[in-house]
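Numbering (the numbering used here) for the sequence shown: 400 to 566.
Just so you know, the hints here were simulated from the structure itself, not pulled from any lab data.
Every value quoted in this text rests on a predicted model; they were computed, and no experiment measured them.
Using N, Cα and C, we set each Cβ at its ideal position, and we do this for glycine too.
Some hints could be false.
Unchecked claim - Now the in silico label distances, taken between C-beta atoms and shown as ranges:
| id | residue 1 | residue 2 | range |
| --- | --- | --- | --- |
| 1 | H493 | G418 | 36 to 44 Å |
| 2 | P472 | R535 | 20 to 28 Å |
| 3 | S481 | S556 | 33 to 41 Å |
| 4 | R522 | P422 | 31 to 39 Å |
| 5 | P492 | T432 | 34 to 42 Å |
| 6 | A490 | D417 | 30 to 38 Å |
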Amino acid sequence: MCVILRHINGRSGVLLFDGNTVPALIGAGGLRTDKMEGDQATPTGFLPFRHVFYRADRVERPRTPLRIEALSPDDGWCDDPSHGDYNRQIALPHPARHERLWRDDHCYDLCVVLGWNDAPIVRNRGSAIFLHLPPRSGVTEGCIALEEHLLRQLIASDHSGIEVRID
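Generate the whole structure from the sequences, applying the supplied hints.
This is the structure:
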């Protein structure tokens, strides 16, 4: 089964799943069919669920059929298109540009890695598209954000991913 994300306006969208319509945040760059690294856009297309990260020091382990990994302070994600680890989870410290997954805010306390630009990886096509908790700013850098109870409900189900559409 697939979840559908529809763009509403600006940085807002709705997810349709299990007969519910729930609010979602998208990237500051809106939805794009031609996603590029750094454009802050959420890519369109089918984004399969890969696995789940969570902060065991902050939240309960989620119930999900997906692979689960507790984050540690040395977890990161390489977003440097010139490096061989581009769009991959890495251990910190790391010589290339990267994002720290162990964050001070709560965005990645519960986080699903979505399959984007990973089979195969294409340089500059975009990296680290996650389904995570909402940032205080009300906008993501290209990811999709849901309130925690909705994210938990979604990953506990048998959904395989998110179909992102521009309607």
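Comparing the hints with the structure gives:
1. H493 x G418: 36 to 44 Å: Between H493 and G418, where Cβ atoms are some 43 Å apart, the hint holds.
2. P472 x R535: 20 to 28 Å: Once the Cβ atoms are compared, 22 Å apart, the range 20 to 28 Å for R535 and P472 holds.
3. S481 x S556: 33 to 41 Å: holds (38 Å)
4. R522 x P422: 31 to 39 Å: holds (34 Å)
5. P492 x T432: 34 to 42 Å: 36 Å Cβ-Cβ, so the 34 to 42 Å window holds.
6. A490 x D417: 30 to 38 Å: About 37 Å separates the Cβ atoms of A490 and D417, which means 30 to 38 Å holds.
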